[in-house]
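*Asks:* Work out the full structure: start from the sequences and follow the hints.
2 protein chains.
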Amino acid sequence: MSLAAMLKPRSIAIIGASSNKTRVGGIPMDLLLRAGFEKVFPVNPKNTEIQGRPCFPDIESVPEPVDLVLLAIGADEVLPNLERCHARGIPAAIVFAAGFAETNEAEGIARQEALSRFTKRTGMRVAGPNCMGNANFGDNVFTTFGTSFQPGDPAGGTALLTQSGNMCATVYRMARRAGVAFSHVINTGNEADVEFSDYLAFLAEDPATNAALCYIEELRDGPAFLKAAAAFRAAGKLLTVYKVGASEKGAEAARSHTAALAGDTAAYDAAFSAAGVARVSELGGLADLAYLHTFGSKIAGSACAILSVSGAAGAILSDALSLNGGDVPSFPESVQAPLRASIPAFGMVSNPVDLTGNLVNANDFLFEAVNLALSPDNIDVLVVFLPGYFLDRAIPQLERAAAEARKQIIVVDTFALGDRAKLGAAGIAYFDDFDRAARAICAYGAWKKTAAASLDKSVVSANWPEFPAGEPALTETAAKEALAAFGVPVVHDAIVHSRQEAEDAAARIGFPLVAKLVSPDVAHKTEHGLIRLALKHADEVGAAYAEMVAKAQSMPGVRIEGVTLEPMLTGGVEILAGVTRDPVFGWMLTVGLGGVWTELMKDVRHRLLPVNASGAEAMLRGLKGFQLLDGYRGAPKADVAAAAQAIAALCDAALAGGDALREIEINPLLILPVGRGAVAVDALVLLNLPAKAMEEAA
Amino acid sequence: MSLAAMLKPRSIAIIGASSNKTRVGGIPMDLLLRAGFEKVFPVNPKNTEIQGRPCFPDIESVPEPVDLVLLAIGADEVLPNLERCHARGIPAAIVFAAGFAETNEAEGIARQEALSRFTKRTGMRVAGPNCMGNANFGDNVFTTFGTSFQPGDPAGGTALLTQSGNMCATVYRMARRAGVAFSHVINTGNEADVEFSDYLAFLAEDPATNAALCYIEELRDGPAFLKAAAAFRAAGKLLTVYKVGASEKGAEAARSHTAALAGDTAAYDAAFSAAGVARVSELGGLADLAYLHTFGSKIAGSACAILSVSGAAGAILSDALSLNGGDVPSFPESVQAPLRASIPAFGMVSNPVDLTGNLVNANDFLFEAVNLALSPDNIDVLVVFLPGYFLDRAIPQLERAAAEARKQIIVVDTFALGDRAKLGAAGIAYFDDFDRAARAICAYGAWKKTAAASLDKSVVSANWPEFPAGEPALTETAAKEALAAFGVPVVHDAIVHSRQEAEDAAARIGFPLVAKLVSPDVAHKTEHGLIRLALKHADEVGAAYAEMVAKAQSMPGVRIEGVTLEPMLTGGVEILAGVTRDPVFGWMLTVGLGGVWTELMKDVRHRLLPVNASGAEAMLRGLKGFQLLDGYRGAPKADVAAAAQAIAALCDAALAGGDALREIEINPLLILPVGRGAVAVDALVLLNLPAKAMEEAA
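Read top to bottom, the protein sequences are chains A and B.
Oh and the first sequence: position 255 is 255 in this note's numbering, straight run, nothing missing.
Oh and the second sequence: position 697 is 697 in this note's numbering, straight run, nothing missing.
Mixed in with the good hints there might be a few duds.
The list treats identical chains as one, so a pair stands whether inside a single copy or across any two.
[Claimed, not checked] No more than 30 angstroms apart at the CA atoms, straight line, and that leaves these computed lysine-lysine pairs for DSS-like:
| no. | residue 1 | residue 2 |
| --- | --- | --- |
| 1 | Lys237 | Lys8 |
| 2 | Lys551 | Lys637 |
| 3 | Lys536 | Lys525 |
| 4 | Lys551 | Lys602 |
| 5 | Lys525 | Lys624 |
| 6 | Lys298 | Lys120 |
| 7 | Lys21 | Lys449 |
| 8 | Lys624 | Lys602 |
| 9 | Lys602 | Lys637 |
| 10 | Lys46 | Lys448 |
| 11 | Lys602 | Lys449 |
| 12 | Lys407 | Lys39 |
| 13 | Lys624 | Lys637 |
| 14 | Lys39 | Lys8 |
| 15 | Lys448 | Lys227 |
| 16 | Lys237 | Lys407 |
| 17 | Lys21 | Lys39 |
I should point out that these hints are in silico values taken from the structure, not numbers from a laboratory.
*Replies:* Now the structure itself:
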């Protein structure tokens, strides 16, 4: 059901309304009246009039239809009042009260569960509890007890959506200082019913909104977020996100604060990347990106030309842009030559351009220099450093250039003396700090460049055999058989149950070969000596069989299902590919080079499922160690395309596995030279024990 | 010679003085007079009076002794006037004029060379040319045509030393906004005579200065910088550095701007680390560290306790501190329990502490919470987030706590509403941005923790044999022999000159063995098939001999000096260790794990020489892949101590090599299991060709 009644109400009742304009029941009343909102109905049995309006003893007495009710009452009174509001036909409510799940105490948790049951049963849309409420500037609706937003604040196209009241106020103030004006400000609270992504979906459709700034601690519904983000992309609206919890300590604090699902940091990264959001690493970045977006139509990327009257500023900006992922391409000779003609020999002209202090005497040249710097096709944006004492004199030329340019001009003035408003009126963006400017340009440009990764389709080409009841894992043999049905090439093997059988089978498979003990009870066999490599004769195979079985028999609780024999493949490069389930976003694929590369260097890539072959290949090519697959030091190139096909098949298998499947890891996936394919040498399939078995195990 | 006459002059003459207070010759006159500086002598043949003072036709006519002369005249007139000033006994001068080496043109370069010859001959100390001049606030001396510093600006303990006039003004303004007051501001210009580190050495001794903020593009004298930095450490003064050129583009722009020596980025990093400076990555960090230093005596490190009234702020601060290298240690139960007693269940108490909005009703608790949070021994600093609307009410309790605390309290107020001055008076630092606060705390805390790496002593234990004239490199055999004399263990080998000799020697050395062609003309032999591994029989050795010689004979210009045979060692881990010469800082050691680790993962560590064994061991332990040396996956631990000894011996050898030595690389240095040592398997010694030979080669 739409959130229009909540976010664009035509009439509002306030239960617990107060005459005191500093109290939770008085502030929204005051704000609404000052904003000229007509249909406000205070409800309070103790009063007949509040803030100059007639007050009603109960919600039933309100004489007109009500779109939205604000509950400025204690936690205990919330549910009975919501029932009466629902009976009265009111479609939406905002609950300010704390005392619900955020208390981490049984009573509050029970209260919130009851609230959730109520909304599921009735379909009434309820914001909060434990939220600060919202503001809709275009329609002059202030349904909040926060005081950072005031009637008379200008309305604009930016929405602010946060999971913290304090950060809501902080980002609002930062963005207002930059001149950003807002459509909506929304603080979500406990999200018992209306959830973060519900608001986001509303904003994607809202004609008044062209950008959303999000402060996120934890998301409760990953797929809904991805869907809302896709709607933002489709509408060409900016979606920019600050996510707290990038460090272990920060994640712990965020979880403690929200009591939401604990998604994995890597899964959030993968989700934001798949969703094509503009990610910022500092809270102030939200305000800076909103500010840039007000100029945004002329920014196509983050390849920058730099003009300055200071070689130092050019160098600092080059550093800051490069280190934040932007680019400072050198100019072609056709640009350098005319610059050189007017710039002294000590001024650099290749980009950055140092116009030198001589510009003081040749101010007219600035217009020409701007046009030259913007002319190459591979330049997206022009960054100009002009210290304040100089800037105001230069404004007329910058205005003239900006009027004609089809690319954005951005001024950096570390002296903070320039006329920001005048530049803004001319369509020129303004920053007073090198690094903030660089971070914003790079994040915004990257967002403009990135088409949202189109989520691949899953092709369910096979079925899993029935999973063995009560087992935590499939045997390796069963795992490889099942994966093979989905199209993952696997090493074929024999399973043997006696020394004699081993020696006979070995002769058929050929040498060298690998012997592995089969048991559902040992996950990492190398450490236990239960894998033997490079066995060259039937005798060696027989001896290995006997030793491994003896070793396994000595380990308590280890069932022995036999020993597999497989050919030992030589050449090729080993990688690992695995899928795990994130509690928020679901299946996530991890690929990396084997062993130390993953363990010590953390050289892995993550992506949410589904992933098709071209997605998998992009992940492999994104590894720092990809050169090892690509003919490093004269080795043959590995069959990356075949590996990507195998990884895509792994992903299909995961999606077909249902809730019983917990994790699949192929390690190693051996990638042979081009034309010879890739093959899963070992595979691990972990299952979810039913809840009962889990309890017993714990 | 001391810079006192330049930076603390008692009398000043201005050649080219002007009545126009906006011109280069008029501004310093105006500033000095407004500052109440008595002994100013304008010199200009066209005037008899300037700005109310008698003006002299030439320097010889000035009736009193002059400490410092300012030259506000064109580049051509500089040298003749300096000669006259010197003849007049004036010990110091500042040259404002551009038109010297910065022009990149022959005339200007020649002018600067003449200036340098003059100062070397006379001993006169000359600042600039092409500089903005200086200000000394304590003594009211303004010898600059910059207008960002004004008489009446407060004097303080911070010095600003920059290689860019614009950045000088920028950082000054930033720091003034934070309330930092200055002793000196110095802009160095072309540094034809007085060089960056000369000023730094002066400031290290200057009783008025307790901190220096440095903007550096390139240093001309690395050893002098290290010495001045050591003097700062010894005096307990803060030395904080922003170095431009961290990216390739930024480095290119900085070099173009200064025409100084192009030091390597890694060498600067190694030098700053050895010098124990506080490094900042954003220009604003200089101002923030100067600000923190005004509180600095209570800050011992960057392990932070965090108190907030917002779980979000606690999480954001935890992220920002952790990601910048700080720490947020969990509190012991003795701190958590009393906090828990007063904080609702939904407020985290383990650090960060979320006091929750309930603090509004229990303001007295803040004093107690601050004391609890500061009590653990492993906490260095307390960071408090109180939004502005709350902060002012809390100030009395913070003041009381700060008065008693032996650790620093830092307030972050993202609403920027708090009373910064009042907090400052109570000894409480204030930031209005999470990330700036975190970056400053972490950089400052790290600086406090770091004792400057005491530069190791070099032990010259041997001599190099005479280097072969005109050769670019030693043969491998000669290289290993020479390094062995310095104490580097090397693989012993035989050198053979015929197939028969090879087969005979091989039998004596034992199998498996490695054969390598010896030639001064091939640096990387593996690529050319001139190294053969794992030869197992005399026949194989003979065949390898014949094939390599044939291959080398087919390569034009390759002289063949024979073939070496050496035992092939198995087990152990290969690393590389090499020394190269940086043009600014001299010899620099690089160590890393071999092959892909270095090439693809850039997992290397750098340090300036001298390096002793404990320094080398610290570098090895700092590698991401160090676990590979430390018993990874059950492998035997490598003899790291022996490797460190070998690396220290390599460093001694480099320092003993004199100017003719260009580079030494041991690759691989094979580290055997503990107790079995480390051994140089291959070594490369590159020599500097004499200048003449270099020209011919080019």
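*Asks:* Can you tell me if Lys21 and Lys449 fall within 30 angstroms by alpha carbon in one copy, between copies, both or neither?
*Replies:* neither (48 angstroms within a copy, 51 angstroms between copies)
*Asks:* At most 30 angstroms between C-alpha atoms: does Lys602 with Lys637 qualify within a copy, between copies, both, or neither?
*Replies:* both (23 angstroms within a copy, 22 angstroms between copies)
*Asks:* Is it within a copy, between copies, both, or neither that the alpha carbon of Lys39 lies no farther than 30 angstroms from that of Lys8?
*Replies:* Within one copy, since 13 angstroms is at most 30 angstroms while 74 angstroms is not.
*Asks:* From the Cα coordinates, with 30 angstroms as the cut-off, is the pair Lys448 and Lys227 best called within, between, both, or neither?
*Replies:* within (19 angstroms within a copy, 49 angstroms between copies)
*Asks:* How do Lys624 and Lys602 come out at 30 angstroms by Cα distance, when the copy is not named: within, between, both, or neither?
*Replies:* both (10 angstroms within a copy, 10 angstroms between copies)
*Asks:* Between the shortest in-copy and the shortest cross-copy C-alpha distance, which are at most 30 angstroms for Lys237 and Lys407: within, between, both, or neither?
*Replies:* within (19 angstroms within a copy, 47 angstroms between copies)
*Asks:* At 30 angstroms max between alpha carbons, let me know whether Lys551 reaches Lys602 within a copy, between copies, both or neither.
*Replies:* neither (33 angstroms within a copy, 41 angstroms between copies)
*Asks:* Have a look at Lys298 and Lys120 and pick one of within, between, both or neither, based on CA distance no larger than 30 angstroms.
*Replies:* neither (45 angstroms within a copy, 56 angstroms between copies)
*Asks:* Given identical chains, is Lys602 near Lys449, meaning Cα to Cα at most 30 angstroms, within a copy, between copies, both, or neither?
*Replies:* Classified as both: same-chain Cα gap 27 angstroms, cross-chain 29 angstroms, threshold 30 angstroms.
*Asks:* Can you give me the call for Lys624 and Lys637, within, between, both or neither, at a CA distance of at most 30 angstroms?
*Replies:* Intra 16 angstroms, inter 27 angstroms, cutoff 30 angstroms: intra and inter.
*Asks:* Have a look at Lys525 and Lys624 and pick one of within, between, both or neither, based on CA distance no larger than 30 angstroms.
*Replies:* both (28 angstroms within a copy, 26 angstroms between copies)
*Asks:* 30 angstroms Cα cut-off: does Lys237 pair with Lys8 within a copy, between copies, both or neither?
*Replies:* within (20 angstroms within a copy, 60 angstroms between copies)
When held up to the earlier numbered hints, the structure conflicts with 4, 6, 7, 10, 12 and fits the remainder.
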